[in-house]
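Taking the hints into account, I'd like the entire structure generated from these sequences.
Residue numbers (my numbering): 62 to 224.
SDA-like, lysine to any residue: derived pairs with alpha carbons at most 25 angstroms apart:
| # | residue 1 | residue 2 |
| --- | --- | --- |
| 1 | Lys166 | Gly134 |
| 2 | Lys166 | Thr108 |
| 3 | Lys166 | Arg201 |
| 4 | Lys166 | Ile82 |
| 5 | Lys166 | Asp197 |
| 6 | Lys166 | Gly70 |
| 7 | Lys166 | Ala112 |
| 8 | Lys166 | Arg113 |
Simulated from the structure, these hints should not be mistaken for lab results.
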Amino acid sequence: IQWIPGASGVWRPHNVGEVLIRGAETELEAELWHRGETRVALGASGTYLDARDRTGEPNVDGRRLVYRPEWSGTGRLLLDLPLLGGIETGWQYVGDTFVTDANTKVLPAHWQGEVRWRRPLSPAVRIDAAVTNVLDARARDFRDYPLPGRSWQLGLTWSGGSR
62 IQWIPGASGV WRPHNVGEVL IRGAETELEA ELWHRGETRV ALGASGTYLD
112 ARDRTGEPNV DGRRLVYRPE WSGTGRLLLD LPLLGGIETG WQYVGDTFVT
162 DANTKVLPAH WQGEVRWRRP LSPAVRIDAA VTNVLDARAR DFRDYPLPGR
212 SWQLGLTWSG GSR
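This is the structure in structure tokens:
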């Protein structure tokens, strides 16, 4: 079953008679350095996916399934410093993604990244700041649905109190 958006934008399930899906995933998590409260960590993941129609139907047999990018991946770097707080950057890559069964229209590959900072002000109060879509990438996950542009966030978290 493949979920596909219709002309009205409503997603509906469609039966694909036969598909062949092959792929591989990999993930890496590593703490590069840790001394006291100072820490540097790295994470990455990647996916290769070859998902193809095998129905024998003209124009679609052997074509890639819609909204299934061949390549995708993420990366993350974390730096915790006692005086400055925690700084983290994360990046996501999504490869070319076909949006029609015949693979005639494609959403181009894109990168998106974010940077986050957090710092405790006390045991009960923490300040957080973030910039998402750092590169202000003009990307779409689905046809005619753009992803949000760059955004800035600032937050204050209080936890605790009596119960």
